[in-house]
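> Chain A is already provided as a structure; the job is to place chain B on it using the hints.
Here are the chains, one letter per residue:
2 protein chains.
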Amino acid sequence: MINNFNYYTPTKIVFGDNTVCKIGSLASSFGAKKVLIHYGSPRAIKSGLMDSVKNSLEDFNINYVLLGGVVPNPRLELVYQGIDIAKKENVDMIIAVGGGSVIDSAKAIAYGAKYDGDVWDFYLKKSSPKEALPVGVILTMAATGSEMSNSSVISNDETKEKLGCNSDISRPAFSILDPSLTLTLPAYQTAAGCVDILMHTFERYFTSKGNMLLTDEIAEGLMRTVIDCSIKLKENPKDLDARGEILWAGSLSHNGLTGCGNAGNDFATHKLEHELSAKFDVTHGAGLAALWGSWARYVIDICPERFYRFATKVMNISSYNGDISKEDISKEEMKKLGLLGIEATEDFFKSIDMPTSLKELVPSIKIGDLEDMADRCSNISGGHIGSCKILGREDMLSIYKMAFDR
Amino acid sequence: MINNFNYYTPTKIVFGDNTVCKIGSLASSFGAKKVLIHYGSPRAIKSGLMDSVKNSLEDFNINYVLLGGVVPNPRLELVYQGIDIAKKENVDMIIAVGGGSVIDSAKAIAYGAKYDGDVWDFYLKKSSPKEALPVGVILTMAATGSEMSNSSVISNDETKEKLGCNSDISRPAFSILDPSLTLTLPAYQTAAGCVDILMHTFERYFTSKGNMLLTDEIAEGLMRTVIDCSIKLKENPKDLDARGEILWAGSLSHNGLTGCGNAGNDFATHKLEHELSAKFDVTHGAGLAALWGSWARYVIDICPERFYRFATKVMNISSYNGDISKEDISKEEMKKLGLLGIEATEDFFKSIDMPTSLKELVPSIKIGDLEDMADRCSNISGGHIGSCKILGREDMLSIYKMAFDR
Chain A
1 MINNFNYYTP
11 TKIVFGDNTV
21 CKIGSLASSF
31 GAKKVLIHYG
41 SPRAIKSGLM
51 DSVKNSLEDF
61 NINYVLLGGV
71 VPNPRLELVY
81 QGIDIAKKEN
91 VDMIIAVGGG
101 SVIDSAKAIA
111 YGAKYDGDVW
121 DFYLKKSSPK
131 EALPVGVILT
141 MAATGSEMSN
151 SSVISNDETK
161 EKLGCNSDIS
171 RPAFSILDPS
181 LTLTLPAYQT
191 AAGCVDILMH
201 TFERYFTSKG
211 NMLLTDEIAE
221 GLMRTVIDCS
231 IKLKENPKDL
241 DARGEILWAG
251 SLSHNGLTGC
261 GNAGNDFATH
271 KLEHELSAKF
281 DVTHGAGLAA
291 LWGSWARYVI
301 DICPERFYRF
311 ATKVMNISSY
321 NGDISKEDIS
331 KEEMKKLGLL
341 GIEATEDFFK
351 SIDMPTSLKE
361 LVPSIKIGDL
371 EDMADRCSNI
381 SGGHIGSCKI
391 LGREDMLSIY
401 KMAFDR
Chain B
1001 MINNFNYYTP
1011 TKIVFGDNTV
1021 CKIGSLASSF
1031 GAKKVLIHYG
1041 SPRAIKSGLM
1051 DSVKNSLEDF
1061 NINYVLLGGV
1071 VPNPRLELVY
1081 QGIDIAKKEN
1091 VDMIIAVGGG
1101 SVIDSAKAIA
1111 YGAKYDGDVW
1121 DFYLKKSSPK
1131 EALPVGVILT
1141 MAATGSEMSN
1151 SSVISNDETK
1161 EKLGCNSDIS
1171 RPAFSILDPS
1181 LTLTLPAYQT
1191 AAGCVDILMH
1201 TFERYFTSKG
1211 NMLLTDEIAE
1221 GLMRTVIDCS
1231 IKLKENPKDL
1241 DARGEILWAG
1251 SLSHNGLTGC
1261 GNAGNDFATH
1271 KLEHELSAKF
1281 DVTHGAGLAA
1291 LWGSWARYVI
1301 DICPERFYRF
1311 ATKVMNISSY
1321 NGDISKEDIS
1331 KEEMKKLGLL
1341 GIEATEDFFK
1351 SIDMPTSLKE
1361 LVPSIKIGDL
1371 EDMADRCSNI
1381 SGGHIGSCKI
1391 LGREDMLSIY
1401 KMAFDR
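Just so you know, the protein sequences line up as chains A and B, in that order.
For the first sequence, our numbering assigns the number 1 to the initial residue and increments by one for each residue that follows.
For the second sequence, our numbering assigns the number 1001 to the initial residue and increments by one for each residue that follows.
Hints may be right or wrong, so weigh each one.
Below, a list of computed lysine to any residue pairs in the SDA-like style, where the Cα atoms sit at most 25 Å apart [stated by the list, open to error]:
1) B:K1401 <-> B:R1297
2) A:K271 <-> A:D281
3) A:K114 <-> B:Y1188
4) B:K1238 <-> A:N4
5) B:K1389 <-> A:G16
6) A:K130 <-> B:Y1008
7) B:K1331 <-> A:D241
8) A:K34 <-> A:S52
9) B:K1209 <-> A:D228
10) B:K1313 <-> A:T312
11) B:K1130 <-> A:S28
12) A:K87 <-> A:G68
13) B:K1022 <-> A:N4
14) A:K114 <-> A:K125
15) B:K1232 <-> A:K271
Ranges between beta-carbon positions, derived for each pair [unchecked claim]:
16) A:K87 <-> B:S1025: 29 to 39 Å
17) A:D168 <-> B:E1158: 13 to 23 Å
18) A:C21 <-> B:P1186: 47 to 57 Å
19) B:Q1081 <-> A:K209: 44 to 54 Å
20) A:E58 <-> B:D1017: 46 to 56 Å
21) A:E131 <-> B:N1018: 25 to 35 Å
22) A:E58 <-> B:K1034: 41 to 51 Å
23) A:N63 <-> B:S1180: 23 to 33 Å
24) B:D1017 <-> A:G48: 52 to 62 Å
25) A:C21 <-> B:H1384: 56 to 66 Å
26) B:D1017 <-> A:D301: 22 to 32 Å
27) B:R1043 <-> A:N236: 49 to 59 Å
28) A:E131 <-> B:K1034: 23 to 33 Å
Source of the hints: derived by calculation from the structure; they are not laboratory data.
Using N, Cα and C, we set each Cβ at its ideal position, and we do this for glycine too.
Chain A with its partners taken away, still in its complex shape (with noise of 0.2 Å):
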């Protein structure tokens, strides 16, 4: 059975080489006069990209203001900042040049810079963007879809939560894709990179409520490729091609079209790791890659016909006595190759140097930490979390124990 959905993906997208250079056309198009260039690492600026970026804008008449800054799980405190800027300097755009950290913290200051009251009072969920300025991106690392979804995660220090804000108004105006700005990724953020794409796939496509033929199509034919060239690039990073395919795969991945027609969207195991990354301050997709398979083995049995389907569609593990149809299989022998397709999904997360246990990701982590997280997890949520299956806090419990120490 299809389930009613909605689809919106306003961004613009500029893929390929050299596409840089139309930063200034772009955001002019967009009717930019004066920009805010959000940034992260020092890496745009020693690399010469900024300085791409800046001649762009001023062959178009833009002027502009910079942050730099921005770190893994951006900060509130930086957005702040931005906001003040934005408002003081009467920018009409701003532009994120960098990874989902920096464009989830330029989302941020565009609800800011539209918004007398606190802009956390949107992430937690106290009030709703009515109004943001548009956001332009360069993206300079394939992993959270950013570029052009509607999500914004932001961590506040003070308070230790890390919190998420999704509106359609924040989904960028555009975005530039050059995979040859990936190319100089450290190996363990392009594979966590590569994790977090393949996680917003499975979060769509694990439901137990009906699902979409042609979206199963598209999420298995995108996990494939994600996965093919995950190896790829762990065996040769300056494989431009598979940079490529993994950088339009982190886009379609979390705009929506992966879970069209399918039954909610799961996001349990993005929210068991927000709070591992809110505690740890661990790489995102190396969060994920650990918690995963213990997510997976916890809700297995509520519709095993979809493991089985992955297991088969995108592992490569064939029916076991090699004459099983699939309208014969039972549920039994359908989990029997469900648990076979998750194994090797962790075969895979182990290959690309991706952690599968917490143990392995946090060597300091210890039991208490779980329980806080759940205690954390379950407070934020309301309760609950989870579409495929819905998991209390004493689920969640049971899932970081069985990530604890595989």
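Just chain B now, kept in the frame of chain A:
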């Protein structure tokens, strides 16, 4: 090798049962105060659909005027009428209630309402549209993808021309896709629509100058789904899920997604078909089915590896001695399997009662007509069509001749 690309699909999609009632709130969210409702057959009125549309608009205090009478291969004459009404009544949005012909006609009116000159200029490429009224869509037939595409094709009865105008400003603001509205579509229109959908991906998939792996995966998944559901609908026209799959496939197949990173779009078969339906007023999808196999056999030598991939991944052709891996296979073997894939595609067309020759489609057609069509196709296109293989006037004639009486 991946090619640079732009991807831009701003249309807000609202998909599913009972979504027609959202037309008022959607139109209102795009600022509509007075709209022109454009439609085709009286079916929209008889079915009660038009009443639902009117009621929903009235709920949001949106005024409307009506213009019906759009026919397949929509006529310029009616477009002029629509432009007059739109200007006189000062409407701020065109709402298309129908299939591709109605939407294409609505787009032409939307261009013309914001233009002082003759809207046909845009189709003759004498000028390009700078502005258009927003278009909203209630889709009643899956086929052209116009509900999400930048394309509009209009027929000029006086000059016997059928010409297209592509511009991103004509991409609809929103489209409502309710599969139940397509349940009563006659079998022939259903099948022709499925061929058109398939062909929009074919035109992007068969390329000789580079492609993207992720796009191939998405394209192949879409093609498998369309073929599968076309056959389901031939058996059971009331299969609502199959209607839904086809409806969404229609939008995705022509919004640009299935060509990202591939070299050029071919669209030679489409252009050859335009001359056919301009001359004989045949159903577009049926015309495409009658021509495609001949086009494919004519160009296969330029990219046997694409036809081979298509044959094995989409048409279930297995390597003929069972043990040829992709790396080992020669171009000759690829072509051999590719030709089997083309044959299987034509068998599929036949299975859903679509023609695979021109004689079958237009029994009265004469060899002289082919010369005439090749002349017109060549003249209109400036001498050449296609991208996979560039075709001149003699190539066009050869393909028409191959398709004449197979």
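> When the structure is checked against the list of hints, which entries are broken? Sort them ascending.
Hints 3, 15, 17, 23 and 25 contradicted; others consistent.
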